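Novice: Position chains B, C, D, E, F and G against the provided structure of chain A, taking the given hints into account.
Residues per chain, in single letters:
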Amino acid sequence: MKMVPLGDRVIVRLLEQEDKKKGGIIIPDTAKERPQEGEVVAVGKGRRTNSGDRIEPEVKTGDRVLFAKYAGNEIEIESTKYLVMKEDEILAIL
Amino acid sequence: MKMVPLGDRVIVRLLEQEDKKKGGIIIPDTAKERPQEGEVVAVGKGRRTNSGDRIEPEVKTGDRVLFAKYAGNEIEIESTKYLVMKEDEILAIL
Amino acid sequence: MKMVPLGDRVIVRLLEQEDKKKGGIIIPDTAKERPQEGEVVAVGKGRRTNSGDRIEPEVKTGDRVLFAKYAGNEIEIESTKYLVMKEDEILAIL
Amino acid sequence: MKMVPLGDRVIVRLLEQEDKKKGGIIIPDTAKERPQEGEVVAVGKGRRTNSGDRIEPEVKTGDRVLFAKYAGNEIEIESTKYLVMKEDEILAIL
Amino acid sequence: MKMVPLGDRVIVRLLEQEDKKKGGIIIPDTAKERPQEGEVVAVGKGRRTNSGDRIEPEVKTGDRVLFAKYAGNEIEIESTKYLVMKEDEILAIL
Amino acid sequence: MKMVPLGDRVIVRLLEQEDKKKGGIIIPDTAKERPQEGEVVAVGKGRRTNSGDRIEPEVKTGDRVLFAKYAGNEIEIESTKYLVMKEDEILAIL
Amino acid sequence: MKMVPLGDRVIVRLLEQEDKKKGGIIIPDTAKERPQEGEVVAVGKGRRTNSGDRIEPEVKTGDRVLFAKYAGNEIEIESTKYLVMKEDEILAIL
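Chains as they are written, first to last, in the working numbering: chain A, 2 to 95; chain B, 2 to 95; chain C, 2 to 95; chain D, 2 to 95; chain E, 2 to 95; chain F, 2 to 95; chain G, 2 to 95.
Looking at chain A on its own, in the form it has when it is part of the complex (with noise of 0.2 Å):
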């Protein structure tokens, strides 16, 4: 992807339901705010400190990972859902 999120931001592709079989980790439907999972496709260079210094992001391309359902900004590239979140809002990589 030739996207380059902002700071500490990244882009997600969003994974459907049969991406999610292989995982096996199954969200209930009663939980307040389910967390969704998707596929990291882009990392921003990372949070500026108030010193000016660069915090390296934890996620990389590639990463599996797991966000809490209203995270980021939705936009679509041909027909593929992507989310552009801030790194803190990844609860953790799958």
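I should point out that these hints are in silico values taken from the structure, not numbers from a laboratory.
These figures come from a predicted structure and were not determined experimentally.
For each residue, glycine too, the CB sits at the ideal point set by N, CA and C.
Any given hint might turn out to be false.
Here are some of the chain A residues that sit facing chain B, going by a computed Cβ distance under 7 Å [what the hints assert, rightly or not]:
#1 Asp54
#2 Ile91
#3 Leu92
#4 Ala93
If you anchor each label on the Cβ, the simulated ranges turn out as follows [what the hints assert, rightly or not]:
#5 B:Asp54 <-> D:Glu17: 45 to 55 Å
#6 G:Glu57 <-> B:Asn51: 15 to 25 Å
#7 F:Lys70 <-> A:Met2: 37 to 47 Å
#8 A:Ala69 <-> E:Glu77: 46 to 56 Å
#9 D:Gly53 <-> A:Ala69: 31 to 41 Å
#10 G:Ser52 <-> F:Glu79: 37 to 47 Å
#11 G:Glu57 <-> D:Asn51: 23 to 33 Å
#12 E:Glu77 <-> D:Asn51: 37 to 47 Å
#13 G:Glu57 <-> D:Lys82: 54 to 64 Å
#14 A:Glu17 <-> D:Tyr71: 48 to 58 Å
#15 C:Tyr71 <-> G:Ser52: 32 to 42 Å
#16 A:Thr50 <-> B:Ser80: 39 to 49 Å
List of simulated lysine-lysine pairs, DSSO-like, C-alpha gap at most 30 Å [what the hints assert, rightly or not]:
#17 F:Lys87 <-> E:Lys82
#18 G:Lys46 <-> A:Lys46
#19 F:Lys82 <-> G:Lys3
#20 G:Lys87 <-> E:Lys87
#21 A:Lys70 <-> B:Lys46
#22 C:Lys61 <-> D:Lys87
#23 F:Lys87 <-> E:Lys61
#24 C:Lys87 <-> B:Lys82
#25 D:Lys61 <-> E:Lys61
#26 E:Lys70 <-> D:Lys87
#27 D:Lys46 <-> D:Lys82
#28 E:Lys87 <-> F:Lys87
#29 C:Lys87 <-> D:Lys82
#30 A:Lys46 <-> B:Lys3
#31 E:Lys46 <-> F:Lys46
#32 C:Lys46 <-> B:Lys70
#33 A:Lys87 <-> G:Lys70
#34 B:Lys70 <-> C:Lys70
#35 C:Lys82 <-> B:Lys82
#36 D:Lys82 <-> C:Lys82
#37 G:Lys87 <-> F:Lys46
#38 G:Lys61 <-> A:Lys46
#39 F:Lys3 <-> F:Lys61
#40 E:Lys82 <-> D:Lys70
Specialist: Using the frame of chain A, we list chains B, C, D, E, F and G on its own:
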């Protein structure tokens, strides 16, 4: 568990009623926000300070912990319930 | 008590009416947010500064303390009520 | 007073109407949030900076002070009303 | 004035209509939050930085100042109205 | 202008419709929060950092600036409208 | 463009529908907060850290960027729509 929580997050397996009998802690129904028990199954690398250093987490895998009722995001793997939460949402190690 | 509160949290045993008679402090019913008394039974390692250092707690086990009414999370162990709260929620040592 | 307020808290004895006559300050009834007068009876060790140092309190025991009406938590010891408040809630030393 | 405001607070004597005529500033009635004029009569020692140092106040006793309408706490001494406010609530020195 | 704005505040003379024709910027009526134009007539000494140092303002007297509609506090001197605002409320120098 | 945005602000020319066809990004109508595309036409000197240093902006004039729908303040110069926004409101460089 192969999931790796990000930053200062931890993954906690929710303890069911039968597990809690051993411990002897009873959380009153009248409490407006009842704490819950769980077992830490994965720990992130820790929070980043403004200078970019990591603060080492205080809990470790295997710790039995107490946390506020609405802490974290609920997920389910092979019929077991887990919560992904910030370490600071953990009240105490039992 | 074998419970270890996290960070700047402390565990306080709620003092019942008969315990408070000794002390002589009366908290008026008219006060909009009545403080309560308790005894500190466990103290965390203390808050982490931005540089990662610990700030040593000001209270210690055995201290009799005053705290705001809705401070902390209530738990019950063998019929005794405890509160897990942030040290900063303690108003004063009696 | 043997009570020791925590951190940057102070304990203030609420001055009744007869005490205030001496001072000559009249707080208008029309003021939307009327300040009150009191006498400092106990002072905490002071606020902790991020580096863990104490900031020495500006008020001392015996100071007569002005504070916003809803400052602090009200307690009563042997029929006398006191307020436990943060030093920053004190507006001025009279 | 013998009152000493705490920290970065100042005490300002509210200027009445007749005083303001001299200055020539008219604050329109249509302004949603009309600024007011006053004279600084007492200045605190200044705000404490995180390292515990004082930041010297920018206003001094005798300065004629402009401040937002709902700034500060109103008090009255011998029929004169004063406001105890944070220095940052002062908009400008006239 | 003899008024001296405090800290990181500036005083801006509101530009009327006839003044703006020269510039050529049209702010659409449909914009939910229409920016406005003005001329900087006074600049404060700048914001204080936590270490007590001043951050030098970016605008100077005479600059023509764009700012958000509800920025600042409105005052009127000899039939001319001015706004006292924080420098950060200025969007751009024209 | 002769306008100079202040601090960490940038000015972005809003890309119309015909411009976006080239890029191939489709933002779904169903997204609750649809990102928009634009071209950076002016960049501020960057955010000031607490020590007064500038943090160099990550975008540069000419960059095609993605930003959240309600980012920035809208202005119009010679029938062209621009947005003045904080650099942090930019999600990604396309």
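Novice: The structure should be examined with respect to each hint, and the outcome stated for every one.
Specialist: Each hint, compared with the structure:
| no. | hint | in the structure |
| --- | --- | --- |
| 1 | Asp54 | holds (6 Å) |
| 2 | Ile91 | holds (5 Å) |
| 3 | Leu92 | holds (4 Å) |
| 4 | Ala93 | holds (5 Å) |
| 5 | B:Asp54 <-> D:Glu17: 45 to 55 Å | holds (53 Å) |
| 6 | G:Glu57 <-> B:Asn51: 15 to 25 Å | holds (18 Å) |
| 7 | F:Lys70 <-> A:Met2: 37 to 47 Å | holds (38 Å) |
| 8 | A:Ala69 <-> E:Glu77: 46 to 56 Å | holds (53 Å) |
| 9 | D:Gly53 <-> A:Ala69: 31 to 41 Å | holds (34 Å) |
| 10 | G:Ser52 <-> F:Glu79: 37 to 47 Å | holds (42 Å) |
| 11 | G:Glu57 <-> D:Asn51: 23 to 33 Å | holds (27 Å) |
| 12 | E:Glu77 <-> D:Asn51: 37 to 47 Å | holds (40 Å) |
| 13 | G:Glu57 <-> D:Lys82: 54 to 64 Å | holds (57 Å) |
| 14 | A:Glu17 <-> D:Tyr71: 48 to 58 Å | holds (54 Å) |
| 15 | C:Tyr71 <-> G:Ser52: 32 to 42 Å | holds (40 Å) |
| 16 | A:Thr50 <-> B:Ser80: 39 to 49 Å | holds (42 Å) |
| 17 | F:Lys87 <-> E:Lys82 | holds (28 Å) |
| 18 | G:Lys46 <-> A:Lys46 | holds (19 Å) |
| 19 | F:Lys82 <-> G:Lys3 | holds (26 Å) |
| 20 | G:Lys87 <-> E:Lys87 | holds (29 Å) |
| 21 | A:Lys70 <-> B:Lys46 | holds (23 Å) |
| 22 | C:Lys61 <-> D:Lys87 | holds (21 Å) |
| 23 | F:Lys87 <-> E:Lys61 | holds (21 Å) |
| 24 | C:Lys87 <-> B:Lys82 | holds (28 Å) |
| 25 | D:Lys61 <-> E:Lys61 | holds (25 Å) |
| 26 | E:Lys70 <-> D:Lys87 | holds (26 Å) |
| 27 | D:Lys46 <-> D:Lys82 | holds (22 Å) |
| 28 | E:Lys87 <-> F:Lys87 | holds (16 Å) |
| 29 | C:Lys87 <-> D:Lys82 | holds (26 Å) |
| 30 | A:Lys46 <-> B:Lys3 | holds (26 Å) |
| 31 | E:Lys46 <-> F:Lys46 | holds (19 Å) |
| 32 | C:Lys46 <-> B:Lys70 | holds (23 Å) |
| 33 | A:Lys87 <-> G:Lys70 | holds (17 Å) |
| 34 | B:Lys70 <-> C:Lys70 | holds (19 Å) |
| 35 | C:Lys82 <-> B:Lys82 | holds (28 Å) |
| 36 | D:Lys82 <-> C:Lys82 | holds (28 Å) |
| 37 | G:Lys87 <-> F:Lys46 | holds (24 Å) |
| 38 | G:Lys61 <-> A:Lys46 | holds (15 Å) |
| 39 | F:Lys3 <-> F:Lys61 | holds (15 Å) |
| 40 | E:Lys82 <-> D:Lys70 | holds (17 Å) |
Violation of the numbered hints given earlier is absent; every hint is satisfied by the structure.
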